[in-house]
Amino acid sequence: MMKRDECFRALARHITDQGVVATYSSAVDWVEIAPRALNYTSIGAMGLDSSHGLGLALGRPDKRVVVLQGDGSLLMNLGSLVTIAEVAPKNLVHFVAQNRTYEANGGHAIPNPQVDFASMARAAGYAAVYDFSDLGIFTQQVVHVLGQDGPVFATLHVEPSKPLIYDYPSLYDPAKRAAFKTAWQS
Amino acid sequence: MEAGAASVDATLRLLHGSRIIAAIKASGIEYVLSVPDIVTSSGLLAPIAQDKALRLIRVCKEEECIGIASGLSYCDKRSLILIQHTGFLDSLNAIRGIAVEYGQPICMMIGLLQHDPNFAPRASPRYGVRIVEPILDDMGIAHHLIGMDADVAKIQPAIDAAYRDSHPVAFLIARSPE
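Going line by line, the protein sequences match chains A and B. Its first residue numbered 0, the first sequence is counted upward by one per residue in numbering that gives the first Met the number 0. Its first residue numbered 0, the second sequence is counted upward by one per residue in numbering that gives the first Met the number 0.
A few of these clues could be false.
Listed next, the in silico SDA-like pairs over lysine to any residue satisfying Cα-Cα at most 20 Å (straight line) [said to hold, decoys possible]:
{"#": "1", "chain 1": "A", "residue 1": "Lys-62", "chain 2": "B", "residue 2": "Leu-112"}
{"#": "2", "chain 1": "B", "residue 1": "Lys-76", "chain 2": "B", "residue 2": "Arg-54"}
{"#": "3", "chain 1": "A", "residue 1": "Lys-180", "chain 2": "B", "residue 2": "His-166"}
{"#": "4", "chain 1": "A", "residue 1": "Lys-62", "chain 2": "B", "residue 2": "His-166"}
Please keep in mind that the hints were generated in silico from the structure rather than gathered at the bench.
Bound-form chain B, shown alone (with noise of 0.2 Å):
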């Protein structure tokens, strides 16, 4: 019984890479802006990499997704940002500009790189990612926590959202997908 409690415990702790590019999908999504992250590399970024559905633009700094997404929203063209947290931090000032004070619908999807799922993110004892849940709360930038296939419903309304009141929107993924 202990045994088949667990068997349930870890199928609700996973998450699947192909449902959350079927949400990108769903959510109107065209193109695709990344520098790689270790924790959604195979699981997501390889795999959009050879989606013939989705237009992959490979960058050479996160930041400049900020400004791609942005022309990209005035020709009604939606974008998905992919990234890690570190590259999110090093884009602060664009995002300030560009997402927040000029309310643009830059959606983010931030790889918790080294971050231990056991833990809530603000509770991660690292610095680095300890500090991203609460600098996207002073920035007033929406936030969804994807850390098992559940949380993956989150992105399509949140997305929809985005583009539909001129805002951005973070998703951080707490685990790497399969």
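Chain A extracted, bound-state conformation (with noise of 0.2 Å):
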């Protein structure tokens, strides 16, 4: 089993220009790992990340985006599994952490908490699916994750963290959005 901010970190060493859309407990690691113009953390309804990750990459198929998803949120958008796969961009990378339990919200479990992503996602027809639960594979592999065509999918198995502080005010801080539109249309 993993941790979560170990991956972020593994993952953060081959973060460039790509945009960064991240939710909740996940959001709270990656701004703290990778603090950038770059990231996209105000989301406004949990689930919603892979579908605003899906208009970025939209908008600009010259850009790559990436998605840093909790298993808790794609519960809530497990259609947004089918609707990516439909319009296949290549220029998406959707990971989950998987912890099994809705952390930002008391560390409650998800149903099923052994539910397969993975498999769903694959089923969905995503170009590519992943299952990670080794961080020394994924350290490996994460160069070729992030740089093949998409829609590409990938599972984290990541154990709770330990409790987190989650500053939504920064985190939905309207000149981060802001400053997010800037850095994202140069």
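Once you've looked at the hints, go ahead and assemble the two chains, each given alone in its own frame, into the complex.
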């Protein structure tokens, strides 16, 4: 079993000009590890991170988009797997950190904590699908995952993390949304 | 004479999908995001699906449209969400968070399912239709009733204003376009 922040540190070493869509616990970890204007953390409704990512990928096919979603979020928007696979943006990489809990809402279990998201993404029609539970293998393969034609899906099997501080005013800061837009359009 | 008056009245009450689609294109819309709606199915969605000037994105659940439209807006790409009022009601939290609280240009064209266009929506015998305009008012979302061809002129200025000032807008389709 991996730790989410360790996975994100391995990922961050290969993030350059990609737009990164992250929410809730994933966003808290990500903005601490990789604070940058091209982080998009203003989602407004749980589950829509994958849909925001699709919109960004559609609108800028010349750029790459990385979605860092939690398992609880994806469960709230499972249909987005089918929508994304149908639209088939080559520039979208969709990670789901599966810690088997609604971590931001008290750590309660998700329905069926063992649910197999990778199989769902494969059946939906993603171009490439991965399932990682070993940090060494993830670290070795992350460059390939990020660089290949999408839509790419990868489950990261992680432990629930230590209690996090959710600074929502910062994550939802209008100035950060404006900075993202400027950076994304450059 | 009475027959003539009736004929004029009937003409005034026509709503052509082709005119709505022309207004959508004139507004700079590139993407239409949709879950099928029986009110707009044949008059709007079917021709839009065949129209090479518009890219139709078929989604599984109306709420997805709000996220996709928001993402596109960060790319300065204009989109229109084409759904029925049941899907609008189902998406209220996303509309609250993204369209209203974040002030995003989310443009929605909403078919009023099973609405009798002889009634004002607020006076509809159907509860689901009757509550749509009051909800939009409470949320502070600009809305326009599109019930006849003369109403189509409202579309382009409202979409332009939504993108210029970054706010949501809703068009309520009161009858099935021909």
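Quiz item: Of the hints stated earlier, which fail here?
Solution: 1 and 4
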